[in-house]
Amino acid sequence: MTLLWIACCLGIIYLPYSEIEEPFEAWYNATGKESRIDYYNGQVKTFQHAFELQYGIGYKISPETTETEFNVIKCFQVNGTKTTPIYSQPIFPDTSSFKFVGMDHLKGRKCELWRNVTYGGGRKQTFSLWVTDDGDGVEPLRYEMIGVDTLLDSHFDKYYIDYDNFRKDVDPAHFHKPKGMKCVGFPGPGVEHHLLLNPIAELMHKPAHMHGLFNHFKRQHGRTYMGHENEDRRDAFVHNVRFIHSTNRAQSSFRVGMNHLTDYLRNEVQSILGHKPSPGPNGGLPFPAKLYAGVEPPENLDWRLYGAVTPVKDQAICGSCWSFASTGTLEGALFLKTGKLVKLSQQMLMDCTWGFGNNGCDGGEEWRGYEWIKRHGGICTAESYGSYMGENGFCHYNSSEQVAQIENYVNVTSGDAQALRIALFKHGPTAVSMDAMQRSFTFYENGIYYEPKCKNKAEEMNHAVLAVGYGVLQGKPYWLVKNSWSTYWGNAGYFLISTKDNNCGITSDATFVVLK
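Under mature numbering (1 follows the signal peptide of the UniProt record, and there is no 0), the letters of the sequence shown match residues -20 to -1, 1 to 496, in that order.
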(Lines of atoms letter the chains of each structure in order from A and count residues from 1; the text may use other names and numbers.)
(Lines give C-alpha, C1' and ligand atoms only; values in the text may rest on other atoms or scores of the structure.)
Protein backbone atom coordinates (compact mmCIF):
# COMPACT_ATOMS: atom_id res chain seq x y z
CA MET A 1 0.00 0.00 0.00
CA THR A 2 1.39 3.39 -0.99
CA LEU A 3 -0.16 6.62 0.29
CA LEU A 4 0.12 9.81 -1.70
CA TRP A 5 3.25 11.91 -1.39
CA ILE A 6 1.29 15.13 -1.82
CA ALA A 7 -2.11 15.46 -0.17
CA CYS A 8 -4.36 17.51 2.05
CA CYS A 9 -7.41 16.71 4.14
CA LEU A 10 -9.66 17.66 7.00
CA GLY A 11 -9.86 15.46 10.06
CA ILE A 12 -10.66 15.04 13.72
CA ILE A 13 -8.32 13.64 16.37
CA TYR A 14 -10.17 11.62 19.01
CA LEU A 15 -8.36 11.03 22.33
CA PRO A 16 -10.90 9.25 24.58
CA TYR A 17 -8.58 8.92 27.60
CA SER A 18 -7.74 12.63 27.39
CA GLU A 19 -11.38 13.66 26.75
CA ILE A 20 -10.41 15.45 23.53
CA GLU A 21 -11.95 15.80 20.06
CA GLU A 22 -9.77 18.15 18.05
CA PRO A 23 -10.45 19.20 14.44
CA PHE A 24 -7.52 19.79 12.12
CA GLU A 25 -6.66 20.54 8.50
CA ALA A 26 -3.42 19.23 7.05
CA TRP A 27 -1.27 19.69 3.96
CA TYR A 28 1.66 17.39 3.22
CA ASN A 29 4.34 17.42 0.53
CA ALA A 30 6.98 14.74 1.03
CA THR A 31 8.90 15.57 -2.13
CA GLY A 32 9.08 19.25 -1.19
CA LYS A 33 9.96 18.40 2.42
CA GLU A 34 7.23 20.62 3.81
CA SER A 35 3.96 20.26 5.69
CA ARG A 36 1.40 22.33 7.52
CA ILE A 37 -1.22 21.37 10.09
CA ASP A 38 -3.85 23.76 11.47
CA TYR A 39 -5.84 23.01 14.62
CA TYR A 40 -9.27 24.16 15.81
CA ASN A 41 -10.27 25.75 12.51
CA GLY A 42 -7.02 27.60 12.06
CA GLN A 43 -6.67 29.11 15.53
CA VAL A 44 -3.25 27.48 15.73
CA LYS A 45 -1.12 26.92 12.61
CA THR A 46 2.03 24.79 12.50
CA PHE A 47 4.54 24.62 9.63
CA GLN A 48 7.26 22.00 9.25
CA HIS A 49 9.95 23.11 6.78
CA ALA A 50 12.52 20.33 6.53
CA PHE A 51 14.20 22.13 3.62
CA GLU A 52 15.29 25.16 5.68
CA LEU A 53 18.81 25.24 7.15
CA GLN A 54 20.63 21.96 7.70
CA TYR A 55 18.09 20.29 9.99
CA GLY A 56 14.89 22.15 9.20
CA ILE A 57 12.79 24.79 10.95
CA GLY A 58 9.39 24.44 12.58
CA TYR A 59 6.96 27.33 13.05
CA LYS A 60 3.87 27.80 15.17
CA ILE A 61 1.48 30.74 14.70
CA SER A 62 -1.13 31.35 17.38
CA PRO A 63 -2.80 34.11 19.42
CA GLU A 64 -1.02 35.33 22.54
CA THR A 65 -2.55 37.27 25.42
CA THR A 66 -0.41 38.96 28.07
CA GLU A 67 -0.94 41.70 30.62
CA THR A 68 -0.31 44.27 27.89
CA GLU A 69 -1.60 42.54 24.73
CA PHE A 70 -4.84 40.72 23.96
CA ASN A 71 -5.06 37.97 21.32
CA VAL A 72 -2.10 39.21 19.30
CA ILE A 73 -1.02 36.77 16.56
CA LYS A 74 2.56 35.66 17.23
CA CYS A 75 4.99 33.36 15.43
CA PHE A 76 7.31 31.01 17.30
CA GLN A 77 10.07 28.97 15.74
CA VAL A 78 12.30 26.02 16.61
CA ASN A 79 15.42 25.19 14.62
CA GLY A 80 16.09 21.51 14.12
CA THR A 81 19.30 19.90 15.35
CA LYS A 82 21.24 16.78 14.45
CA THR A 83 19.53 14.82 17.23
CA THR A 84 16.08 16.40 16.81
CA PRO A 85 15.65 17.43 13.16
CA ILE A 86 12.50 19.03 11.82
CA TYR A 87 10.87 16.85 9.18
CA SER A 88 7.79 17.24 7.01
CA GLN A 89 4.97 15.68 9.03
CA PRO A 90 2.94 12.95 7.31
CA ILE A 91 -0.75 12.97 8.13
CA PHE A 92 -0.79 9.18 7.88
CA PRO A 93 1.37 6.54 9.61
CA ASP A 94 4.34 4.83 8.03
CA THR A 95 2.65 1.84 6.37
CA SER A 96 5.77 -0.18 5.56
CA SER A 97 5.06 -2.62 8.43
CA PHE A 98 1.28 -2.81 7.88
CA LYS A 99 -0.27 -6.00 6.55
CA PHE A 100 -3.53 -6.37 4.66
CA VAL A 101 -6.22 -7.91 6.91
CA GLY A 102 -9.25 -7.93 4.63
CA MET A 103 -12.14 -5.90 3.32
CA ASP A 104 -14.31 -3.90 5.71
CA HIS A 105 -16.99 -1.18 5.75
CA LEU A 106 -16.56 2.23 7.40
CA LYS A 107 -18.65 5.38 7.10
CA GLY A 108 -20.86 3.59 4.61
CA ARG A 109 -17.94 2.87 2.29
CA LYS A 110 -16.26 -0.37 1.30
CA CYS A 111 -12.61 -0.22 2.29
CA GLU A 112 -9.43 -2.15 2.95
CA LEU A 113 -8.24 -2.76 6.51
CA TRP A 114 -4.49 -2.78 7.12
CA ARG A 115 -2.89 -3.52 10.49
CA ASN A 116 0.43 -3.42 12.29
CA VAL A 117 0.80 -5.15 15.69
CA THR A 118 3.82 -4.55 17.92
CA TYR A 119 4.86 -6.09 21.24
CA GLY A 120 7.25 -4.88 23.91
CA GLY A 121 7.53 -4.62 27.67
CA GLY A 122 4.41 -6.68 28.28
CA ARG A 123 2.40 -4.42 26.01
CA LYS A 124 0.62 -4.93 22.73
CA GLN A 125 -0.07 -2.04 20.37
CA THR A 126 -2.46 -2.51 17.46
CA PHE A 127 -2.34 0.11 14.71
CA SER A 128 -5.19 -0.09 12.18
CA LEU A 129 -5.69 1.88 8.97
CA TRP A 130 -8.86 1.88 6.86
CA VAL A 131 -8.36 3.04 3.27
CA THR A 132 -10.19 3.11 -0.05
CA ASP A 133 -8.58 2.85 -3.46
CA ASP A 134 -10.44 4.34 -6.41
CA GLY A 135 -7.63 3.56 -8.81
CA ASP A 136 -6.17 7.05 -8.53
CA GLY A 137 -4.32 6.59 -5.26
CA VAL A 138 -5.16 5.41 -1.78
CA GLU A 139 -7.47 7.55 0.37
CA PRO A 140 -7.36 7.07 4.17
CA LEU A 141 -10.59 7.01 6.18
CA ARG A 142 -9.44 6.24 9.72
CA TYR A 143 -6.26 5.53 11.65
CA GLU A 144 -6.61 3.88 15.07
CA MET A 145 -4.26 2.78 17.82
CA ILE A 146 -5.27 0.52 20.72
CA GLY A 147 -2.75 -0.29 23.43
CA VAL A 148 -3.24 -3.27 25.75
CA ASP A 149 -1.21 -4.28 28.79
CA THR A 150 -0.89 -8.03 28.22
CA LEU A 151 -0.02 -8.68 31.86
CA LEU A 152 -3.08 -6.97 33.33
CA ASP A 153 -5.33 -7.32 30.26
CA SER A 154 -6.17 -3.61 30.45
CA HIS A 155 -6.09 -0.76 27.96
CA PHE A 156 -3.41 1.85 28.55
CA ASP A 157 -4.06 3.98 25.47
CA LYS A 158 -6.45 4.51 22.61
CA TYR A 159 -6.83 7.15 19.94
CA TYR A 160 -8.05 7.44 16.39
CA ILE A 161 -8.04 9.96 13.58
CA ASP A 162 -10.91 10.31 11.13
CA TYR A 163 -10.01 11.74 7.72
CA ASP A 164 -12.44 13.64 5.53
CA ASN A 165 -12.47 15.79 2.39
CA PHE A 166 -9.28 14.15 1.14
CA ARG A 167 -7.75 16.05 -1.79
CA LYS A 168 -4.85 15.32 -4.09
CA ASP A 169 -4.42 18.84 -5.46
CA VAL A 170 -2.42 21.05 -3.10
CA ASP A 171 -1.78 24.75 -3.62
CA PRO A 172 1.92 25.33 -2.78
CA ALA A 173 0.96 28.62 -1.12
CA HIS A 174 -0.48 26.70 1.83
CA PHE A 175 3.03 25.72 2.91
CA HIS A 176 4.26 29.31 3.17
CA LYS A 177 4.12 31.10 6.49
CA PRO A 178 2.74 34.66 6.32
CA LYS A 179 5.16 37.10 4.75
CA GLY A 180 6.70 39.75 6.95
CA MET A 181 5.90 37.93 10.20
CA LYS A 182 8.80 37.93 12.63
CA CYS A 183 9.22 34.65 14.48
CA VAL A 184 10.84 34.30 17.91
CA GLY A 185 11.95 31.34 20.00
CA PHE A 186 9.47 29.34 22.06
CA PRO A 187 9.07 30.55 25.65
CA GLY A 188 9.64 28.12 28.52
CA PRO A 189 11.72 24.94 28.80
CA GLY A 190 12.94 23.46 25.52
CA VAL A 191 12.04 19.88 26.33
CA GLU A 192 8.38 20.59 25.50
CA HIS A 193 8.93 22.60 22.31
CA HIS A 194 8.78 19.80 19.76
CA LEU A 195 5.46 18.53 21.14
CA LEU A 196 3.99 22.03 20.97
CA LEU A 197 5.40 22.58 17.52
CA ASN A 198 4.12 19.33 15.99
CA PRO A 199 1.55 17.64 18.26
CA ILE A 200 0.30 15.09 15.74
CA ALA A 201 3.76 13.51 15.42
CA GLU A 202 3.38 11.67 18.71
CA LEU A 203 0.27 9.93 17.38
CA MET A 204 2.13 8.73 14.31
CA HIS A 205 4.15 6.32 16.45
CA LYS A 206 6.94 8.75 17.34
CA PRO A 207 6.73 8.94 21.16
CA ALA A 208 10.37 9.86 21.88
CA HIS A 209 9.67 13.53 22.69
CA MET A 210 6.82 12.60 25.05
CA HIS A 211 8.94 10.03 26.87
CA GLY A 212 11.75 12.55 27.15
CA LEU A 213 9.35 15.09 28.62
CA PHE A 214 8.18 12.52 31.20
CA ASN A 215 11.76 11.84 32.28
CA HIS A 216 12.34 15.59 32.61
CA PHE A 217 9.15 15.87 34.69
CA LYS A 218 10.31 13.13 37.07
CA ARG A 219 13.67 14.82 37.58
CA GLN A 220 12.01 18.19 38.11
CA HIS A 221 9.70 16.85 40.82
CA GLY A 222 12.14 14.35 42.34
CA ARG A 223 10.05 11.30 41.51
CA THR A 224 11.34 7.78 40.96
CA TYR A 225 9.12 4.92 39.84
CA MET A 226 9.94 1.30 39.25
CA GLY A 227 8.51 -1.34 36.95
CA HIS A 228 4.81 -1.25 36.27
CA GLU A 229 4.22 1.92 38.28
CA ASN A 230 6.53 3.82 35.94
CA GLU A 231 4.45 2.67 32.96
CA ASP A 232 1.18 3.61 34.67
CA ARG A 233 2.54 7.05 35.59
CA ARG A 234 3.87 7.59 32.09
CA ASP A 235 0.50 6.64 30.58
CA ALA A 236 -1.29 9.11 32.86
CA PHE A 237 1.30 11.76 32.02
CA VAL A 238 0.88 11.21 28.26
CA HIS A 239 -2.92 11.49 28.42
CA ASN A 240 -2.72 14.61 30.56
CA VAL A 241 -0.11 16.35 28.40
CA ARG A 242 -2.18 15.62 25.28
CA PHE A 243 -5.17 17.18 27.04
CA ILE A 244 -3.17 20.22 28.16
CA HIS A 245 -1.75 20.98 24.73
CA SER A 246 -5.04 20.43 22.91
CA THR A 247 -6.99 22.56 25.38
CA ASN A 248 -4.59 25.46 24.92
CA ARG A 249 -4.85 25.18 21.14
CA ALA A 250 -8.61 25.67 21.53
CA GLN A 251 -7.90 29.23 22.78
CA SER A 252 -10.47 29.46 25.58
CA SER A 253 -10.62 32.17 28.28
CA PHE A 254 -8.03 30.35 30.41
CA ARG A 255 -4.88 28.33 29.97
CA VAL A 256 -3.90 24.99 31.40
CA GLY A 257 -0.39 23.71 32.01
CA MET A 258 1.69 20.94 33.47
CA ASN A 259 1.92 20.93 37.25
CA HIS A 260 2.78 18.51 40.05
CA LEU A 261 -0.43 16.56 39.32
CA THR A 262 0.45 15.74 35.71
CA ASP A 263 1.39 12.11 36.43
CA TYR A 264 -1.45 11.54 38.91
CA LEU A 265 -3.90 8.78 38.15
CA ARG A 266 -7.52 9.91 37.94
CA ASN A 267 -8.42 8.11 41.19
CA GLU A 268 -5.64 10.04 42.94
CA VAL A 269 -7.04 13.34 41.70
CA GLN A 270 -10.47 12.28 42.90
CA SER A 271 -9.01 11.45 46.32
CA ILE A 272 -8.14 15.11 46.95
CA LEU A 273 -11.72 16.19 46.27
CA GLY A 274 -12.98 15.88 49.83
CA HIS A 275 -16.17 17.93 50.01
CA LYS A 276 -18.89 15.37 50.83
CA PRO A 277 -22.29 17.12 50.84
CA SER A 278 -25.09 15.61 52.89
CA PRO A 279 -28.82 16.07 52.25
CA GLY A 280 -30.96 18.36 54.38
CA PRO A 281 -30.28 21.67 56.14
CA ASN A 282 -27.38 22.29 58.50
CA GLY A 283 -27.52 24.37 61.67
CA GLY A 284 -26.43 27.62 60.06
CA LEU A 285 -28.40 30.86 59.84
CA PRO A 286 -29.94 32.05 56.58
CA PHE A 287 -28.28 34.97 54.84
CA PRO A 288 -29.81 38.24 56.18
CA ALA A 289 -30.71 39.78 52.82
CA LYS A 290 -32.94 42.48 54.36
CA LEU A 291 -30.12 43.63 56.63
CA TYR A 292 -27.95 44.31 53.59
CA ALA A 293 -30.68 45.65 51.31
CA GLY A 294 -28.92 48.99 50.82
CA VAL A 295 -25.38 47.68 50.63
CA GLU A 296 -23.51 48.19 47.36
CA PRO A 297 -20.29 46.17 47.35
CA PRO A 298 -17.34 47.59 45.39
CA GLU A 299 -16.72 46.46 41.82
CA ASN A 300 -13.45 44.77 42.77
CA LEU A 301 -12.32 43.18 46.02
CA ASP A 302 -9.19 41.24 46.97
CA TRP A 303 -8.75 40.41 50.65
CA ARG A 304 -5.11 39.46 50.08
CA LEU A 305 -4.30 43.15 49.67
CA TYR A 306 -5.57 43.83 53.20
CA GLY A 307 -3.61 41.01 54.83
CA ALA A 308 -6.64 38.82 55.59
CA VAL A 309 -5.45 35.66 53.82
CA THR A 310 -2.75 33.22 54.95
CA PRO A 311 -0.29 31.69 52.44
CA VAL A 312 -1.43 28.91 50.10
CA LYS A 313 -0.98 25.43 51.55
CA ASP A 314 -0.84 21.92 50.13
CA GLN A 315 -3.38 19.36 51.34
CA ALA A 316 -1.28 16.56 49.71
CA ILE A 317 -2.99 13.31 48.66
CA CYS A 318 -5.70 13.71 51.27
CA GLY A 319 -9.35 14.73 50.92
CA SER A 320 -9.04 17.45 53.54
CA CYS A 321 -10.04 20.44 51.39
CA TRP A 322 -13.02 21.06 53.68
CA SER A 323 -10.66 21.77 56.61
CA PHE A 324 -8.72 24.35 54.57
CA ALA A 325 -11.91 26.13 53.50
CA SER A 326 -13.18 26.10 57.11
CA THR A 327 -9.99 27.54 58.59
CA GLY A 328 -9.69 30.03 55.73
CA THR A 329 -12.97 31.77 56.51
CA LEU A 330 -12.16 31.61 60.24
CA GLU A 331 -8.76 33.22 59.66
CA GLY A 332 -10.41 36.00 57.70
CA ALA A 333 -13.09 36.59 60.34
CA LEU A 334 -10.46 36.67 63.09
CA PHE A 335 -8.42 39.18 61.09
CA LEU A 336 -11.45 41.45 60.65
CA LYS A 337 -12.09 41.29 64.39
CA THR A 338 -8.53 41.67 65.74
CA GLY A 339 -6.48 43.10 62.89
CA LYS A 340 -4.09 40.16 63.23
CA LEU A 341 -3.62 37.30 60.77
CA VAL A 342 -3.24 33.96 62.55
CA LYS A 343 -2.72 30.57 60.91
CA LEU A 344 -5.29 28.10 62.25
CA SER A 345 -4.98 24.32 62.37
CA GLN A 346 -6.51 22.19 59.63
CA GLN A 347 -5.03 19.13 61.32
CA MET A 348 -7.09 19.75 64.45
CA LEU A 349 -10.33 19.70 62.45
CA MET A 350 -9.23 16.51 60.70
CA ASP A 351 -8.34 14.77 63.96
CA CYS A 352 -11.14 15.95 66.23
CA THR A 353 -14.40 16.37 64.25
CA TRP A 354 -15.21 12.73 63.48
CA GLY A 355 -18.04 12.77 66.01
CA PHE A 356 -19.65 15.58 64.02
CA GLY A 357 -19.68 13.64 60.75
CA ASN A 358 -16.33 14.51 59.17
CA ASN A 359 -13.92 11.80 58.06
CA GLY A 360 -10.46 13.34 57.98
CA CYS A 361 -8.66 12.53 54.72
CA ASP A 362 -11.77 10.78 53.42
CA GLY A 363 -13.74 14.02 53.25
CA GLY A 364 -16.15 16.17 55.19
CA GLU A 365 -18.10 19.43 55.26
CA GLU A 366 -17.10 22.86 56.44
CA TRP A 367 -20.18 23.41 58.60
CA ARG A 368 -19.47 20.26 60.62
CA GLY A 369 -16.14 21.80 61.55
CA TYR A 370 -17.91 25.00 62.60
CA GLU A 371 -20.26 22.99 64.79
CA TRP A 372 -17.35 21.31 66.56
CA ILE A 373 -15.64 24.66 67.14
CA LYS A 374 -18.88 26.11 68.57
CA ARG A 375 -19.24 23.18 70.95
CA HIS A 376 -15.62 23.12 72.09
CA GLY A 377 -14.95 26.83 72.43
CA GLY A 378 -12.59 27.54 69.54
CA ILE A 379 -9.77 26.15 67.44
CA CYS A 380 -6.02 25.95 67.99
CA THR A 381 -3.47 27.80 65.93
CA ALA A 382 -1.33 25.76 63.56
CA GLU A 383 1.67 26.55 65.76
CA SER A 384 0.12 25.34 69.02
CA TYR A 385 -1.54 22.20 67.61
CA GLY A 386 1.30 21.03 65.38
CA SER A 387 2.09 20.75 61.69
CA TYR A 388 -0.35 19.60 59.05
CA MET A 389 0.48 15.96 58.22
CA GLY A 390 -1.72 15.12 55.23
CA GLU A 391 -2.88 12.10 57.23
CA ASN A 392 -5.41 11.40 59.96
CA GLY A 393 -3.97 11.82 63.45
CA PHE A 394 -4.78 11.60 67.14
CA CYS A 395 -6.93 14.43 68.51
CA HIS A 396 -5.03 16.44 71.11
CA TYR A 397 -5.40 20.03 72.25
CA ASN A 398 -5.20 22.39 75.19
CA SER A 399 -8.42 24.37 75.53
CA SER A 400 -6.47 27.32 76.92
CA GLU A 401 -4.76 27.70 73.53
CA GLN A 402 -7.95 27.88 71.47
CA VAL A 403 -8.94 31.01 69.57
CA ALA A 404 -11.71 32.09 67.19
CA GLN A 405 -14.82 31.23 69.17
CA ILE A 406 -17.81 30.94 66.84
CA GLU A 407 -21.13 32.61 67.66
CA ASN A 408 -22.78 31.16 64.56
CA TYR A 409 -22.28 30.49 60.89
CA VAL A 410 -24.30 31.70 57.91
CA ASN A 411 -25.40 29.96 54.71
CA VAL A 412 -25.12 32.40 51.81
CA THR A 413 -28.26 32.17 49.68
CA SER A 414 -27.61 29.40 47.17
CA GLY A 415 -27.08 30.62 43.61
CA ASP A 416 -27.17 34.32 44.59
CA ALA A 417 -24.03 35.99 43.22
CA GLN A 418 -24.86 39.37 44.76
CA ALA A 419 -25.30 37.77 48.18
CA LEU A 420 -21.84 36.21 47.88
CA ARG A 421 -20.33 39.57 46.91
CA ILE A 422 -21.92 41.17 49.96
CA ALA A 423 -20.78 38.32 52.19
CA LEU A 424 -17.22 38.78 50.96
CA PHE A 425 -17.41 42.55 51.35
CA LYS A 426 -18.91 42.56 54.86
CA HIS A 427 -17.51 39.35 56.36
CA GLY A 428 -14.27 38.61 54.55
CA PRO A 429 -13.03 35.40 52.89
CA THR A 430 -15.86 32.92 52.47
CA ALA A 431 -15.80 29.12 52.24
CA VAL A 432 -17.31 27.87 48.98
CA SER A 433 -17.64 24.48 47.34
CA MET A 434 -17.42 23.60 43.67
CA ASP A 435 -17.30 20.85 41.07
CA ALA A 436 -13.57 20.32 40.56
CA MET A 437 -13.86 16.96 38.81
CA GLN A 438 -13.10 18.38 35.37
CA ARG A 439 -9.62 17.70 33.98
CA SER A 440 -9.41 21.32 32.83
CA PHE A 441 -9.51 22.43 36.47
CA THR A 442 -6.81 19.96 37.53
CA PHE A 443 -4.39 21.68 35.16
CA TYR A 444 -5.66 25.27 35.36
CA GLU A 445 -2.81 27.77 35.05
CA ASN A 446 -4.21 31.27 34.52
CA GLY A 447 -7.05 33.28 32.99
CA ILE A 448 -10.75 33.19 33.84
CA TYR A 449 -11.81 29.58 34.20
CA TYR A 450 -15.07 28.63 32.51
CA GLU A 451 -16.02 25.00 31.98
CA PRO A 452 -19.43 24.21 30.41
CA LYS A 453 -19.12 20.60 31.61
CA CYS A 454 -19.14 21.70 35.25
CA LYS A 455 -22.05 20.87 37.51
CA ASN A 456 -23.48 23.55 39.79
CA LYS A 457 -26.03 22.02 42.14
CA ALA A 458 -25.12 22.02 45.84
CA GLU A 459 -25.49 18.26 46.13
CA GLU A 460 -23.07 17.79 43.19
CA MET A 461 -20.17 19.74 44.70
CA ASN A 462 -16.99 17.77 45.47
CA HIS A 463 -14.27 20.25 46.45
CA ALA A 464 -14.07 23.01 49.06
CA VAL A 465 -12.09 26.21 48.44
CA LEU A 466 -11.93 29.78 49.76
CA ALA A 467 -13.35 32.79 47.91
CA VAL A 468 -11.18 35.80 48.75
CA GLY A 469 -12.53 38.37 46.30
CA TYR A 470 -14.05 39.15 42.93
CA GLY A 471 -13.60 41.55 40.05
CA VAL A 472 -13.83 42.20 36.32
CA LEU A 473 -11.10 41.41 33.79
CA GLN A 474 -11.45 42.57 30.19
CA GLY A 475 -15.18 42.97 30.72
CA LYS A 476 -15.66 39.50 32.23
CA PRO A 477 -16.67 39.23 35.91
CA TYR A 478 -14.93 36.60 38.02
CA TRP A 479 -14.51 35.18 41.51
CA LEU A 480 -11.01 35.16 43.02
CA VAL A 481 -10.52 31.85 44.81
CA LYS A 482 -7.77 30.25 46.89
CA ASN A 483 -7.13 26.53 46.42
CA SER A 484 -5.21 24.15 48.69
CA TRP A 485 -3.15 22.30 46.06
CA SER A 486 0.11 24.19 46.72
CA THR A 487 1.62 27.19 44.96
CA TYR A 488 2.70 24.90 42.10
CA TRP A 489 -0.94 24.71 41.01
CA GLY A 490 -2.81 27.46 39.17
CA ASN A 491 -1.67 31.05 39.53
CA ALA A 492 0.50 30.61 42.65
CA GLY A 493 -2.30 28.53 44.18
CA TYR A 494 -5.19 30.83 43.18
CA PHE A 495 -7.67 30.83 40.32
CA LEU A 496 -10.17 33.15 38.70
CA ILE A 497 -13.49 31.59 37.78
CA SER A 498 -16.28 33.10 35.72
CA THR A 499 -19.47 34.18 37.47
CA LYS A 500 -21.42 33.19 34.34
CA ASP A 501 -24.14 30.57 34.89
CA ASN A 502 -22.86 29.93 38.43
CA ASN A 503 -20.05 28.04 36.75
CA CYS A 504 -18.92 25.01 38.77
CA GLY A 505 -21.30 25.99 41.58
CA ILE A 506 -19.23 28.63 43.37
CA THR A 507 -22.38 30.30 44.75
CA SER A 508 -24.27 27.07 45.47
CA ASP A 509 -22.92 26.24 48.93
CA ALA A 510 -21.07 29.16 50.52
CA THR A 511 -20.67 29.79 54.26
CA PHE A 512 -19.00 32.29 56.57
CA VAL A 513 -18.68 32.50 60.34
CA VAL A 514 -19.67 35.11 62.91
CA LEU A 515 -17.29 35.21 65.88
CA LYS A 516 -18.16 35.97 69.49
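Treat the hints loosely; a few may be bogus.
[What the hints assert, rightly or not] List time: in silico BS3-like cross-link candidates among lysine-lysine, alpha-carbon distance up to 27 angstroms:
#1 K79 x K90
#2 K79 x K159
#3 K323 x K104
#4 K159 x K13
#5 K323 x K270
If you're looking for bench data, these hints aren't it; they were derived computationally from the structure.
Each hint tested on the structure:
1. K79 x K90: At roughly 18 angstroms apart (the allowed maximum being 27 angstroms), K90 and K79 satisfy the hint.
2. K79 x K159: Measuring from Cα to Cα gives roughly 43 angstroms; hence the hint is violated.
3. K323 x K104: Answer violated: K323 to K104 is near 52 angstroms, above 27 angstroms.
4. K159 x K13: holds, 19 angstroms
5. K323 x K270: violated, 33 angstroms
Of the numbered hints stated above, those contradicted by the structure are hints 2, 3, 5, listed in ascending order.
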